[in-house]
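**Student:** Sequences listed follow chains A, B and C, in order.
Numbers 1 to 222, taken from the working numbering, label the letters of the first sequence in order.
Numbers 1 to 543, taken from the working numbering, label the letters of the second sequence in order.
Numbers 1 to 94, taken from the working numbering, label the letters of the third sequence in order.
Just to be clear, a hint being listed does not mean it is correct.
[As the list claims (entries may be wrong)] Some chain C residues well away from chain B (every beta-carbon gap over 10 Å; in silico):
(1) S6
(2) L9
(3) A22
(4) L27
(5) V39
(6) D62
(7) I70
(8) V71
(9) L80
(10) M83
(11) I89
(12) A92
[What the hints assert, rightly or not] With a straight-line cut-off of 20 Å between C-alpha atoms, the simulated SDA-like cross-links for lysine to any residue are:
(13) C/K64 - A/R99
(14) C/K64 - A/H15
(15) B/K425 - B/V539
(16) B/K537 - B/M341
(17) C/K59 - A/F34
Worth flagging that the hints you see were computed from the coordinates, not collected in a lab.
Backbone N, C-alpha and C define an ideal beta-carbon position, used for all residues, glycine too.
Okay, here's what each chain looks like letter by letter:
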Amino acid sequence: MSDSSEALATHELRHHFENMEQQRGASSMGMWVFLITEIMFFGGMFMAYLAYRYEYFLAWQEGSQHMNFWIGTVNTAVLICSSLTMVLAVLAIQQGRRRLTSIMLAVTICFAIAFMVLKGMEYHEHWLAHEFPGPAFHFAGIDPRHVEMFFVLYFVMTGFHALHVLIGIGLVSTMLYMNERGHFSADYHNPIENTGLYWHFVDLIWIYLYPLLYLIGHHHVG
Amino acid sequence: MATASAITAEREHYLNADYGFRSWLLTTDHKRIALLYLITITFFFFVGGFFALLIRLELLTPQGDLVQADTYNKLFSMHGQVMIFFFLLPAVPAVLGNFLVPMMIGAKDLAFPRINLLSWYLFIIGGGLMLYTMLTGGVDTGWTFYVPLSTAYLGTHVVLAAVSIFIAGFSSILTGLNFIVTIHRMRAPGMTWGRMPLFLWSNYATSIIQVLGTPVLAITLALVGLERMFHLGVFNPQLGGDPLLFQHLFWFYSHPAVYIMILPGMGVVSEIIPCFSRKRVFGYEFVALASIGIAVLGFLVWAHHMFVAGISVYSAMVFSFFSYLVAVPSAIKVFNWTATMYKGKIYYSTPMLYAMGFIGLFTMGGMTGLFLASLGVDVHVTDTYFIVAHFHYIMVGGMVMAYLAGMHFWWPKITGRMYPESWGKLAAMTIFIGFNLTFFPQFILGWTGMPRRYHAYTPEFQVLNVLSTAGSTVLAVGYLLPMVYFLWSLRYGKEAGDNPWGAAGLEWKTASPPPTYNFEETPVVTWEAYNYDDLPKEVPVVG
Amino acid sequence: MEKVISAKLYFTVWAILMCLTAATAALSYVNMGALSPVVALLIATVKGSLVVLFFMHAKYIDVKTTVLVIVAGFFWLSILLLMTMTDYITRAWS
Chain A
1 MSDSSEALAT HELRHHFENM EQQRGASSMG MWVFLITEIM FFGGMFMAYL
51 AYRYEYFLAW QEGSQHMNFW IGTVNTAVLI CSSLTMVLAV LAIQQGRRRL
101 TSIMLAVTIC FAIAFMVLKG MEYHEHWLAH EFPGPAFHFA GIDPRHVEMF
151 FVLYFVMTGF HALHVLIGIG LVSTMLYMNE RGHFSADYHN PIENTGLYWH
201 FVDLIWIYLY PLLYLIGHHH VG
Chain B
1 MATASAITAE REHYLNADYG FRSWLLTTDH KRIALLYLIT ITFFFFVGGF
51 FALLIRLELL TPQGDLVQAD TYNKLFSMHG QVMIFFFLLP AVPAVLGNFL
101 VPMMIGAKDL AFPRINLLSW YLFIIGGGLM LYTMLTGGVD TGWTFYVPLS
151 TAYLGTHVVL AAVSIFIAGF SSILTGLNFI VTIHRMRAPG MTWGRMPLFL
201 WSNYATSIIQ VLGTPVLAIT LALVGLERMF HLGVFNPQLG GDPLLFQHLF
251 WFYSHPAVYI MILPGMGVVS EIIPCFSRKR VFGYEFVALA SIGIAVLGFL
301 VWAHHMFVAG ISVYSAMVFS FFSYLVAVPS AIKVFNWTAT MYKGKIYYST
351 PMLYAMGFIG LFTMGGMTGL FLASLGVDVH VTDTYFIVAH FHYIMVGGMV
401 MAYLAGMHFW WPKITGRMYP ESWGKLAAMT IFIGFNLTFF PQFILGWTGM
451 PRRYHAYTPE FQVLNVLSTA GSTVLAVGYL LPMVYFLWSL RYGKEAGDNP
501 WGAAGLEWKT ASPPPTYNFE ETPVVTWEAY NYDDLPKEVP VVG
Chain C
1 MEKVISAKLY FTVWAILMCL TAATAALSYV NMGALSPVVA LLIATVKGSL
51 VVLFFMHAKY IDVKTTVLVI VAGFFWLSIL LLMTMTDYIT RAWS
């Protein structure tokens, strides 16, 4: 560690920690504990999905067939790519390459925006097809009442996920801004790491939403 | 830090380090945040208590003469919501826990001081919304928000109350998160897990529940809000949903939540009993692991709230079995506290009186809990006053007694002053008598068939109801007494000194009130917890 | 100190994740009856594990307690799902 980076590291050490190592460990562990609260938050919705899929099996098949399979699949790929660029941003700052970090963060934001745009197109399509739950909901097939519930859960789950994507865009943008202002270095980059953890978590949720919503009834069409 | 002037009254500590509103409202010192919480929850305690008194007054006579059914529904709903979410849940963790967790492990502060302050602000926002809800007409869902009642039928401020609890829930999550990371990462050299005071073990177990359970309540309340506002079918059977799913999700949090309330109280008692028995706690490892056992098993019992709601009988049998099982770690604790007192040199000081009251009342509450775990008996007593009596024995007889025990035990540390001991004892006795007079008759009322949540009842229940109401006034006086002499002691109480009880534990090794960063230098722990064998057999302050 | 992992490994993980996405999408065209959701969720779990282990560095965490936190999270999620399902799958009247 050079003298200047050591000075910087001491500057970033908050008063109540003994050393940087303790601070880093606490911050990473805190983020993980936060993420398991997020898992339980989404867990409530997964529980509702599971119980109702068991009770209203056919309606769930029907509903799943009205998902836009291609947008769902492309969005899955988009999020995986954004996870890659995010982890590369963390790698870059670990190596002290600030310029590369900024580029990778910017690309991550672009992927996230692409995801939101595709999601918006998908919602718009459902809106036109009268698939928004509520008075305007119309479904011609069997058991429309429970198909409507499938759509309720679809919008609630993807809606809360999209909210997390938006928060993620905000966080990554903040990291980009702070990195441009020279806040981070090879010795101090906890916030970028934690933002990375958050972003991968958003990807993780989608990895499960994709089969549960898009794939589970798909084969009847194909 | 002023070491040279430590003996003089001018010594700098966390209370006089800085003055003015800004220094309090923007503080990140865990001790000051604890006091902010103390003021807030005391306020909510008296708000909730006010509702309770109105309820008891109405029940003085069989007819509805003080209030009518609608108002009564609001009274018990607001009483429950305020007491549970704005007093019981934060009471020990956010006040005593915030103050003591860093001190007991020898740290300067919690791991995330700013998040700690944020959690208080979230609590204030949630509490403010709750007050607004009350002032604009209140809510009458009960504290449980059962659907479809809450989403399709009631015209009161259901969404507002749900949002208020949603926000207060995040405050609770952040406190739990902070404690978990602090206990894992911030312990002083030598403070191994096996040397941690039991207060830390139980707060750690509490934090696990807060972190893992509360998010499920949050999403459940969010879904209730969505169903109510946008008519989205999630739980309402008219829209195709299953109201039992709501109950599963709600009780997945809300049953473990009673352990959020009682576990920290058990931690308080585990500190006080050894100190005033002048003995090492009996079976330290068992008491410590029992806390974790309760945290885990507590998540496997929730459907015992739904035995008559229409769940599968096979499922109910599984939940009944686990409900019996969760009594085991609780009983281990009671046995160990009793064994600690056995052949000890017992001082009947105020905290000890409260702690002993806790053991007795908690045991009664716990034993009646076993009645309710039994499938057959539960059918008989569901939704009667037996339930009300049972959970008040745990929540008020257990938790509030433990909270007051802790407040009396650590008051000298928090303020540097002693309260008048004789008044303390008087209040403890008044509360114990008032409590039993209030709630014991309710066991009989419930067993003989008086249903809960009605403002009127048949005349044969009146005698016991009058007893209960009389008890509640005694209880109210008992709760006002500590308020008065605590405030009195701030100015007139005698100086406490660093360790008035001759207690073990790191928090007693620093000054009272403690300096801003708790310790002049990071302590190194070389001794086991509760080393009372190495300490004087006398308690300095109590004769 | 934290472990720095090579970019090459990240690209490999990314490639596997993309392949698995393509595979699960393709398999959704095949009607395997009751096996379809099982296969889809199995692939999702493999993908999720890769993300947690490599992208989120769970495999390289120097703090053992953090591993405990992760395991606890999934354990409690399974309590919620499994214990609630004991009710739904044994209800005689549904």
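**Student:** Tell me the numbers of any earlier hints that the structure contravenes, in ascending order.
**Tutor:** The structure breaks hints 9, 10, 11, 12, 13 and 14; every other hint is satisfied.
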